[in-house]
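A.B. asks: Residues per chain, in single letters:
Number of protein chains: 4
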Amino acid sequence: MENVRYEILPEIAKLGHVALETTDLEKSLWFFEEVVGLEKTETVDGVHYLRAWGDFDHHTLSIKEGPEARVDHIAWKAKRREDIGNFANLLREADVEVEEVKAGTEAGQGDAIRFQLPSGHNFEIYFDMEKPAAADPKHKSILKNQPYKAWRKGISPRRIDHVNIGTNTDASVITDFLQEKLGFKMREYLKTPDGNLGAGWLSVTNLVHDIAVMGRPDIKSSHEIHHLSYWSDNAQDILRAADILADQGIPFVGPGKHGISQAMYIYVVDPGSGVRLELFSNGYLIFEPDWEPIEWKADEMAAGFTFWGEQSGMKPEDLTTISAGEPLKSPKKV
Amino acid sequence: MENVRYEILPEIAKLGHVALETTDLEKSLWFFEEVVGLEKTETVDGVHYLRAWGDFDHHTLSIKEGPEARVDHIAWKAKRREDIGNFANLLREADVEVEEVKAGTEAGQGDAIRFQLPSGHNFEIYFDMEKPAAADPKHKSILKNQPYKAWRKGISPRRIDHVNIGTNTDASVITDFLQEKLGFKMREYLKTPDGNLGAGWLSVTNLVHDIAVMGRPDIKSSHEIHHLSYWSDNAQDILRAADILADQGIPFVGPGKHGISQAMYIYVVDPGSGVRLELFSNGYLIFEPDWEPIEWKADEMAAGFTFWGEQSGMKPEDLTTISAGEPLKSPKKV
Amino acid sequence: MENVRYEILPEIAKLGHVALETTDLEKSLWFFEEVVGLEKTETVDGVHYLRAWGDFDHHTLSIKEGPEARVDHIAWKAKRREDIGNFANLLREADVEVEEVKAGTEAGQGDAIRFQLPSGHNFEIYFDMEKPAAADPKHKSILKNQPYKAWRKGISPRRIDHVNIGTNTDASVITDFLQEKLGFKMREYLKTPDGNLGAGWLSVTNLVHDIAVMGRPDIKSSHEIHHLSYWSDNAQDILRAADILADQGIPFVGPGKHGISQAMYIYVVDPGSGVRLELFSNGYLIFEPDWEPIEWKADEMAAGFTFWGEQSGMKPEDLTTISAGEPLKSPKKV
Amino acid sequence: MENVRYEILPEIAKLGHVALETTDLEKSLWFFEEVVGLEKTETVDGVHYLRAWGDFDHHTLSIKEGPEARVDHIAWKAKRREDIGNFANLLREADVEVEEVKAGTEAGQGDAIRFQLPSGHNFEIYFDMEKPAAADPKHKSILKNQPYKAWRKGISPRRIDHVNIGTNTDASVITDFLQEKLGFKMREYLKTPDGNLGAGWLSVTNLVHDIAVMGRPDIKSSHEIHHLSYWSDNAQDILRAADILADQGIPFVGPGKHGISQAMYIYVVDPGSGVRLELFSNGYLIFEPDWEPIEWKADEMAAGFTFWGEQSGMKPEDLTTISAGEPLKSPKKV
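Residue numbers (the working numbering), protein chains in the order written: chain A, 16 to 349; chain B, 16 to 349; chain C, 16 to 349; chain D, 16 to 349.
These aren't lab readings, by the way, just hints derived from the structure by calculation.
Don't take every hint at face value.
Copies of the same chain look alike in the list, so a pair counts if it fits in one copy or across any two.
30 Å max Cα-Cα, derived DSSO-like pairs, lysine-lysine [what the hints assert, rightly or not]:
hint: 1; residue 1: Lys117; residue 2: Lys168
hint: 2; residue 1: Lys153; residue 2: Lys55
hint: 3; residue 1: Lys146; residue 2: Lys159
hint: 4; residue 1: Lys235; residue 2: Lys146
hint: 5; residue 1: Lys206; residue 2: Lys153
Chain A on its own, in the form it takes in the complex:
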């Protein structure tokens, strides 16, 4: 009975954080703290836990030094504490290897699980996460619903928004997994001329996408991250970001506006790790429970990717990606 399946189906509530390893810690911290303007919650065992002024979770980005630049994992918050175990069961039933991550392995975080998408991208699911106040009381907002003062330094986005991952394998295998195992809903997608799924934008929230999956025959790996994204409230904030980046001599692509998602963008690469950051604003929300995914055909994708503005793909650095997979680091197998 379908209702029974639904009853026990665990759910993801939102994108949690991205765990980044960089070969140049100082430069990455300069970029994310001084230029982007993220706040530091704390540093524990060499891991710097950062978040934006409107992020409630303990961290939405962690950065530590490593031998190669890579994303160790992308983390998602479940809807209920018991979803962690239920996700573990459901994934194991589907022959997915699941590792257990004990509370405290990441600062501020409770018990979690880690596993890989069929493409090898590392995912983490947690439920418990501290929501600490600003470490420095002077940085605290007087608003009771806002962790930090906005506009303290740099670009100052409000919150984490989404991740975009790439694979040189069949993207539909990933999007099927996200939909069937993790409850994501397809919102918009690219159909290739031969009728396959070229890319998909999926979400568990009212955002058009919490994650995008790009089929990318041009890259060498099955488990790359194209970018992570932080959100700003206003289109003009993206222009202000352009001013700040250009005057720091940091190259970027944009500003432009996507057709898909209808959102404004700038793409800029962290000079420390090479991970790409999308600065993001505007766009639409999907409240429809009976949403019909929007299909974009190959000949419509010019407007789909770039409704207007500077296009991705015009500069050499547009093609860079870094790995978001590799062997899971968490110690204990369940």
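Starting from the known structure of chain A, arrange chains B, C and D on it as the hints suggest.
C.D. replies: Positioned in the frame of chain A, the structure of chains B, C and D alone reads:
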């Protein structure tokens, strides 16, 4: 077993529309179509069905002439078709009178139910709703995910956002009903000096509120609507709205920024019906499944209502409300 | 004595208007009135006199049909009525042919003179110009210092800003003429690798430029116009213009930000005449009487032309220009 | 002969700076440097010389500690070096006492004169002023026409804009002096019910006003300053300023939009000195040499002062002013 309760609990997906009756149809249509810039889907039997350029539903505001200015009902879209019947059952079990509204009673809409909150506010729940393309192909956006071109005329907000209702009875009776019977979650609330709930902001979506309930000893009725609200993408759009309204000689309150919701606002009254419209932008989203409602005490409410800008309550027209209740008009009792 | 020279030197107060001839009047009027949103003052003898909502002069753009798309003349308002005659004398002393244009030849305009720059660009200087109120009282602003309501339709820029002319001859001959004969001040300029002036931005007002002169070996004529420009108050207005243009299917370049002038831009071509329009905002003003012109060397011009955003020159239509010269049409030689 | 008069008439080019004395230096510096985000050129003899990121002059605001909070003088840059002497002669001919201020008395500044308006307001006129690069190379913009990086900290306005002075004497005596002796042009003015000049907005530049003069029977002195003003490029920057001020707990009036000048505003008082600062954006420019001053009658002034938004005068702190006069401090009489 708790899961079983969950399994059958019907859910609301989003705010659908507001059904307005006005004593001056021409003036209300001028206001909502020419000044605000809503698009007309169609007119059927004297009911004008309007929506914003980014609304997907057939209508988010309906306007017809009537002997008094009032909101006939506030409508909500359920998550699943079967939720309509399940809500009917659940409400009847709680001794709430439920009327059935046959498909087609409202243009574009399938079967629905209507009932009253304990305060007498009329609610409607539907699932099926047409999502028609722009009637005039020249008004259609070239974007596949956007019904109309933006910026065709007037203020041009993107979509409906929320409603704010008032009562001179105990507001907590309404917010309890919304939470227990309809699945709303409390997001922020005002605690009065004597420890009661003064007002609550609740949602079923990632918005901070789809509905706000204000305890208002200053009004004469238990079932008023303070305002309905349309959303614009950027704070500057609210300033542009101020230019447009001021140059039409239409009085308004704002611009300002709420502490609660962190959103920009302008309040303006439809000169035809007297219903208040909030033009709204920015603010935050709540993705947290374990959100702790933000409590604002009486002495914090100055910042809660108005973080900055022109305050509500400074002008006589701030107090006007119109009824959102009165006897249900739909014919057949289930 | 230098003071004596100064005493009698006539002065230009501002850019007045551009007189455009188009091969497709209907399309040009659609573009400038419906898409750009200029207001029509009146139509006299087949000439459509347009201006923006914040322009005080009778017109800042005139459009009439002609056998080829061209700019008939670029007009400047003198500081004093007697400057017209003084400019005529001064120009004739320099062997410049000067034609007299009688009051009324252009609707709303008093006596004027026309002459050509050494490059063949046609200039007009006038002093008297009607400042009529909005023809339709409903379009009139309630503000006493603003001719029309803003935001009535389309992009809705505030006022004319500048012109940009090109020549395949030595640009410094033009900029010298502008400075020595007409009192323009050099504000910023491009120095070519061989030490010549490649382009200059000059003004008589506090704007960085009322006119730019581009040395363009890539074009075929000595007297082209690259673009005319209208100003909007906010950077976000340029993004809104991008939305409007993209959804009309009208190609454009930008948005971007110039280093020179520090202004935001979009370039879009009138589909009727082929004349290019720059939508323009932000930037700086020059109040310094002892301004040292900013020199940009060839290797600095990437940032000079495009501080960030989509660059000019990326699309084929970027190279199009139309003539701003050809034989003067005004009848009577002084 | 009128031309001869014109020939020798010295001219003012622009507002230069405001010299502020504060009773709480630390708090004033915190306000202007950290909250407003002005840059410090240097500190000499206890005088802190500040400017905005787009100001070219050595300073546009100087702050030093003093026994009472006051503006020592308001300084204007002349168009030519010889205008200093010519202004001195012209003023002395009109029986105005003129003091000479030797080069170096103020850091960065050449020879200057000081004198009082008939109301007792202290004015300074200078010509030579250093235009130093940013003291810290890391704060320097890569743009050759911009002294500092924008957006380094705080509100970060671009440049000084205007001053607004008040008097309890006849305002027309001041505006006549500004026009007849200093070459200001009346742009907009308030006519009182009894036919007198209530207030005037005047400029020597294309701005609507470099100075406003308010007749204020409600204040106790003939020579007060109501506010000095800094300019931001975009209306949204004023909203961002509101966020910053509100989250610092600093009270302010606005945001709103003036009818006169059509500019956005926030008024905020320096908690150190009590001087009022207007944060300012948008508005119109006047290029017309034959501008007819806009007259606002008493019953039009509601829209004149506040086209929309929070009105001046709603809060007690709106009435505060500090002196901009008192005995001139400069040592030597010419």
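A.B. asks: Decide, hint by hint, whether the structure agrees.
C.D. replies: Taking the hints in turn, this is what the structure says about them:
| no. | hint | in the structure |
| --- | --- | --- |
| 1 | Lys117 / Lys168 | neither (35 Å within a copy, 41 Å between copies) |
| 2 | Lys153 / Lys55 | both (14 Å within a copy, 23 Å between copies) |
| 3 | Lys146 / Lys159 | within (13 Å within a copy, 39 Å between copies) |
| 4 | Lys235 / Lys146 | neither (38 Å within a copy, 42 Å between copies) |
| 5 | Lys206 / Lys153 | between (50 Å within a copy, 27 Å between copies) |
When held up to the earlier numbered hints, the structure conflicts with 1 and 4 and fits the remainder.
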